[in-house]
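Trainee: First to last, the sequence lines map onto chains B and C. The C-terminal position of the first sequence is numbered 983 in the working numbering, with every residue numbered one higher than the one before it. The C-terminal position of the second sequence is numbered 402 in the working numbering, with every residue numbered one higher than the one before it.
Derived from the structure by calculation, the hints contain no laboratory data. Please read these numbers as outputs of a predicted model, since none were measured by experiment. Backbone N, C-alpha and C define an ideal beta-carbon position, used for all residues, glycine too. Be careful, since some hints might not be right.
[To be verified] Only part of the chain C face toward chain B is listed, based on derived beta-carbon distances under 7 angstroms: (1) SER179; (2) SER181; (3) LEU183; (4) ASN184; (5) VAL265; (6) ALA273; (7) LEU348.
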Amino acid sequence: MSPPLLEVSNASKIYAMGGLLSRRRFAAVADVSFTLEEDRHEIFTIIGESGSGKTTLARMILNIVPATEGTIRFRGVDLATIRKRADRLAFMRQVQPIFQNPFEAFNPLKRVDRYLYMTALHFTDARTADEVRAKADRALRQVGLSLAEVKGRFPHELSGGQLQRVAVARSLISSPALIIADEPVSMVDASIRMSIVNLFKALRDTLKVSIIYITHDLATAYYISDRIIIMKKGEVVESGNAREVLAHPTHPYSILLKNSVLSPDPSRRDELLAPQFSSTEKDIAALR
Amino acid sequence: MTAGAPTTVGAAGQGVAEAPQPQPVLRVSDLSAFYQTHYFGIVREVRAVDDISLHVLPNEIYGLAGESSCGKTTLIKTIAGAIQPPLNVVGGSVKFDFRGQSINVYESTPEERNAMRWQHLSYIMQGSMSVLNPVRRVRHSFVDFAFRHIGRSMPDFLDTVVGHLERLHLRADVLDAYPHELSGGMRQRVTIALATVCRPEFIIADEPTTALDVVVQKGVLAMIRGIQREIGSSLLFVTHDLSVHANLADRLGIMYAGHIVEEGPTAELFASPRHPYTVHLIGSLPRVGDAAPKKGLEGVPPNLADPPPGCRFHPRCPLAMGICSRETPVMEWAGPGRRVACFAAEKGITA
Ligand SMILES: Nc1ncnc2c1ncn2[C@@H]1O[C@H](COP(=O)(O)OP(=O)(O)OP(=O)(O)O)[C@@H](O)[C@H]1O
Ligand SMILES: Nc1ncnc2c1ncn2[C@@H]1O[C@H](COP(=O)(O)OP(=O)(O)OP(=O)(O)O)[C@@H](O)[C@H]1O
Ligand code: SF4
Ligand SMILES: [Mg+2]
Ligand SMILES: [Mg+2]
Chain B
696 MSPPLLEVSN ASKIYAMGGL LSRRRFAAVA DVSFTLEEDR HEIFTIIGES
746 GSGKTTLARM ILNIVPATEG TIRFRGVDLA TIRKRADRLA FMRQVQPIFQ
796 NPFEAFNPLK RVDRYLYMTA LHFTDARTAD EVRAKADRAL RQVGLSLAEV
846 KGRFPHELSG GQLQRVAVAR SLISSPALII ADEPVSMVDA SIRMSIVNLF
896 KALRDTLKVS IIYITHDLAT AYYISDRIII MKKGEVVESG NAREVLAHPT
946 HPYSILLKNS VLSPDPSRRD ELLAPQFSST EKDIAALR
Chain C
52 MTAGAPTTVG AAGQGVAEAP QPQPVLRVSD LSAFYQTHYF GIVREVRAVD
102 DISLHVLPNE IYGLAGESSC GKTTLIKTIA GAIQPPLNVV GGSVKFDFRG
152 QSINVYESTP EERNAMRWQH LSYIMQGSMS VLNPVRRVRH SFVDFAFRHI
202 GRSMPDFLDT VVGHLERLHL RADVLDAYPH ELSGGMRQRV TIALATVCRP
252 EFIIADEPTT ALDVVVQKGV LAMIRGIQRE IGSSLLFVTH DLSVHANLAD
302 RLGIMYAGHI VEEGPTAELF ASPRHPYTVH LIGSLPRVGD AAPKKGLEGV
352 PPNLADPPPG CRFHPRCPLA MGICSRETPV MEWAGPGRRV ACFAAEKGIT
402 A
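Model the full structure from these sequences, guided by the hints.
Mentor: Listed below in structure tokens is the structure:
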């Protein structure tokens, strides 16, 4: 039997924060475990509080930061043992990130098409300039853009949603086995959002790609996820089949999350000023 | 096109008595701003803001919605006076009237413009954490930005800041962190805190809650609405998320391809959208529990460097008629406080 695609075992990340005198150590990610099987391609969704450790977990899986405790294995290889440049490149070809907030992820002084060309050069068989451009254009077309629209532009010359879609396109170029998408649709409208999550579905179903989908959007989480975990303060507080968890959450935080989804109905707007949301002390006490 | 004046001429013409309205704080008239680039001898013009008029009253939250790349950020950059080449204002005006002090943004000196931005305006830019100095602890950003304005002793000032951060579900110890030690959503909340702690008269916010979970987002929106109501300030709020608008905006402007195509009080706009694009937007709102996708709109938004003639929505519009590809509909009065730019809506046809 082949080893799992990804095996996260009791992974924790401890950070220290604060001034010199009042340094506080805390677990940004606390004892998280889950497995993605090689032959069960799925969309594995992570939702949770802002600051609950989702991005930190993603960065550990991408081998950008080491786990403080626990192990993470990709196709049987412990990420902590990947040292050689060739091994690192081989890993990066198979596991591609879409980073949260493209405005921060893209270097403001670098033209965005360069990112696509570099990815194509490093991780595909494209060698000539034409081949590289063709790969870039093909990826951009999958997210409703084209190379003509993006060519030569700096990040600030694109709208937020355009830039976010370039980030999604870049992750497709190397034909990875696993995509780690950290808030990939936060800046796009409902219609583009739907086309991107449908693209994820198609990648899973036809190209056998597994996707870790980090999101705050419960509606698309419900629509595309196979399994889900809900995080709060570094811990997984609830996990399981996505539809079941989202339809019938049992942990108090998951229930609060579901109940806090804003209703698109202006006649219920006064809820926003209801006591539980304006008296934050109580609110915070309840949350922490 | 009629300017976005507060007293709708049409309303008077129809004999509908409206309560006298206060003077607007912001008046945008016939504003056009294009990105003009010369690329290997070819002049390229992206018409991201094309003949837009709107106004914002004191104590009002004006929401701006529209799909990705329709020009929302460009419009509010232009309103905030924060433009740089290749973006140029090619026509129209932006006027602010702060209790007694008025400024015509594009007829004033850069110094006057800066003074206005510091004293009265606060602009939260999309995705940008550039207000946070990456090599200094967050505390310093607050001291640099807000200490002078708040005018209290340092301990009192820090107490105020900590209280304010709590309203945004942030612990006091974020002040001791460097920006990179915070999560994306924490950084976003710190920028909101910086922009609001001085309680400015006018807040411009571009997608300020995209990185927040729904619980925290609700707290943040409640805070924003809370301080806006407490001091009667005005807010121009951009997001593609109509659920946020439904809960926050008093009035809503819908943008499509560089134009505002419909405007009205939020509840009425949701209850009876007139423009086919607004009808589509409101009809396609996803809800938790949808197992099947909502039907998207056919086609793609137009290229703003070469927009279609006539109504820019016509290639995608289910109600398009002959006239729509020949003439450009202008914003017309469509009931008290409402305006719409559509030939079908003019005739009372809705999608
Ligand atoms: N380099 C670092 N040093 C110290 N603390 C850090 C560092 N990176 C992250 N943290 C802390 O770890 C916690 C988790 O952060 P993380 O970015 O993983 O959250 P998140 O779940 O992705 O949140 P969001 O939804 O806001 O993006 C936060 O409290 C953050 O301040
Ligand atoms: N510096 C620039 N030069 C040329 N075109 C630009 C520049 N900046 C933005 N644009 C273009 O102007 C159009 C409008 O962009 P804008 O950022 O205003 O959109 P937006 O409505 O805010 O979209 P989003 O919701 O995706 O942020 C886009 O097509 C964008 O590519
Ligand atoms: S003017 Fe014509 S094309 Fe434009 S929205 Fe109205 S009906 Fe549709
Ligand atoms: Mg994150
Ligand atoms: Mg924008």
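Trainee: Give a verdict on every hint.
Mentor: Comparing the hints with the structure gives:
With a cut of 7 angstroms, the hint placing C/SER179 at the interface with chain B holds, because the nearest CB-to-CB distance is about 6 angstroms. Given hint, C/SER181 at the interface with chain B, is violated; its Cβ is 9 angstroms from that chain's nearest Cβ, farther than 7 angstroms. Here the hint on C/LEU183 is broken, as its CB sits about 11 angstroms from the closest CB of chain B, past 7 angstroms. The criterion of a C-beta within 7 angstroms of any C-beta in chain B is not met by C/ASN184, whose closest approach is roughly 14 angstroms, and the hint is violated.
Here the hint on C/VAL265 is kept, as its CB sits about 4 angstroms from the closest CB of chain B, short of 7 angstroms. For the restraint placing C/ALA273 at the interface with chain B, the shortest Cβ-Cβ distance is roughly 4 angstroms, inside the 7 angstroms limit, so the hint holds. For C/LEU348, the suggested interface contact is upheld, since its CB lies about 6 angstroms from the closest CB of chain B, less than 7 angstroms.
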